[in-house]
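**Q** Below are the chains, spelled out letter by letter.
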Amino acid sequence: QSVLTQPPSVSGAPGQRVTISCTGSSSNIGAGYDVHWYQQLPGTAPKLLIYDNNNRPSGVPDRFSGSKSGTSASLAITGLQAEDEADYHCHTYDSSLSGWVFGGGTKLTV
Amino acid sequence: EVQLVQSGAEVKKPGESLRISCEGSGYTFTTYWIGWVRQMPGKGLEWMGIIYPGDSDTRYSPSFQGQVTISADKSISTAYLQWSSLKASDTAMYYCARVSREGPVAASANYWGQGTLVIVSS
Chain A
1 QSVLTQPPSV
11 SGAPGQRVTI
21 SCTGSSSNIG
31 AGYDVHWYQQ
41 LPGTAPKLLI
51 YDNNNRPSGV
61 PDRFSGSKSG
71 TSASLAITGL
81 QAEDEADYHC
91 HTYDSSLSGW
101 VFGGGTKLTV
Chain B
1001 EVQLVQSGAE
1011 VKKPGESLRI
1021 SCEGSGYTFT
1031 TYWIGWVRQM
1041 PGKGLEWMGI
1051 IYPGDSDTRY
1061 SPSFQGQVTI
1071 SADKSISTAY
1081 LQWSSLKASD
1091 TAMYYCARVS
1101 REGPVAASAN
1111 YWGQGTLVIV
1121 SS
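Chains as they are written, first to last, in the working numbering: chain A, 1 to 110; chain B, 1001 to 1122.
Because the hints were derived from the structure by calculation, they are not lab data. Incorrect hints may have been included.
Stated by the list, open to error - List of simulated lysine-lysine pairs, BS3-like, C-alpha gap at most 25 Å: (1) B:Lys1043 to A:Lys107; (2) B:Lys1087 to B:Lys1013; (3) A:Lys107 to A:Lys47; (4) A:Lys47 to B:Lys1043; (5) A:Lys107 to A:Lys68; (6) B:Lys1012 to B:Lys1043.
Extracted from the complex, chain B is given alone in its bound form:
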């Protein structure tokens, strides 16, 4: 059974750093793109970026380029999303999602993590 399991909720202060994770299981981790999606309270889904764990090819949305770093450790089938200096406006739910087909980025996302809630407050 394919699963994406994300790390738990985080409460941080502005300026702090953070890394959240998304562990894949039940499939070949290296051959499917994994995307990160932000959902701010009461809002829609926003694509942040996507990584191909096989070679760590990474693409970022212009809205998030330079604001976050996406990485993956294929030895432990885990993708990461990290911030070096959080802001209050980073408060949101963050989802990882796997594409449905090996190879293309332009595919549906048929497996989603359960989400990681990040709260940034002084």
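The following block holds chain A by itself, in its conformation from the complex:
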């Protein structure tokens, strides 16, 4: 069981908007640690998608955005495209573990 909770799957039609939630606790997201999101295409390594809650690395389309509030964070994807079909993972730091924690991952079907 992952420390961060994500829905196992979400789906949406091309052009639609979807959101993926990531729920933590007072020792990680609620403690103020930044949340990061990764996109993992089938058979490939994870790729950083959103860092520090709501920042996009160079080259990531502005269709992807992140937010954080309290003990939760969310990833939003607008204008869904077939190429967005992938697994999405949230990540932060946990003070009780003195290390990283991940969500269980969410499979997006377009």
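Once you have looked at the hints, place chain B on chain A.
**A** Just chain B now, with coordinates in the frame of chain A:
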């Protein structure tokens, strides 16, 4: 260009030992934490542990403490993950990943190795 290059796939028998590697290049190896992440077939990412190659400060997830050893050789810019006695349940893809900023563990991982597939089967 920053790169993390991992060693190749391994097929081992239960009880055997194994060490896989992650070689960093294109940056100052000693000043960025490198983490190890397990991904079992069809599952999510699990943090195993993290090392600061500059002084080999190492932290382990409670789930993996005592099960694996993480080390680094800064003279050859390489981090390692090793097992002394593999189990079938260690079958997984293993990734190394570098934090995005010098100093803090609590940062995103913006560079990942390509992954090392470990299969443990009798």
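**Q** Check whether the Cα positions of lysine 1087 of chain B and lysine 1013 of chain B lie no farther apart than 25 Å.
**A** OK: lysine 1087 of chain B and lysine 1013 of chain B at ~8 Å, within 25 Å.
**Q** Hint check: lysine 107 of chain A vs lysine 47 of chain A, CA-CA at most 25 Å. Holds or violated?
**A** holds (15 Å)
**Q** Between lysine 1012 of chain B and lysine 1043 of chain B, is the straight-line Cα distance small enough, at 25 Å or below?
**A** Cα-Cα ~21 Å, so holds.
**Q** For the pair supplied as a hint, lysine 47 of chain A and lysine 1043 of chain B, is the alpha-carbon distance within the 25 Å limit?
**A** holds (16 Å)
**Q** Between lysine 1043 of chain B and lysine 107 of chain A, is the straight-line Cα distance small enough, at 25 Å or below?
**A** holds (10 Å)
**Q** Tell me if the straight-line CA distance from lysine 107 of chain A to lysine 68 of chain A falls inside 25 Å.
**A** holds (20 Å)
Of the hints listed earlier, there is not a single one the structure fails to meet.
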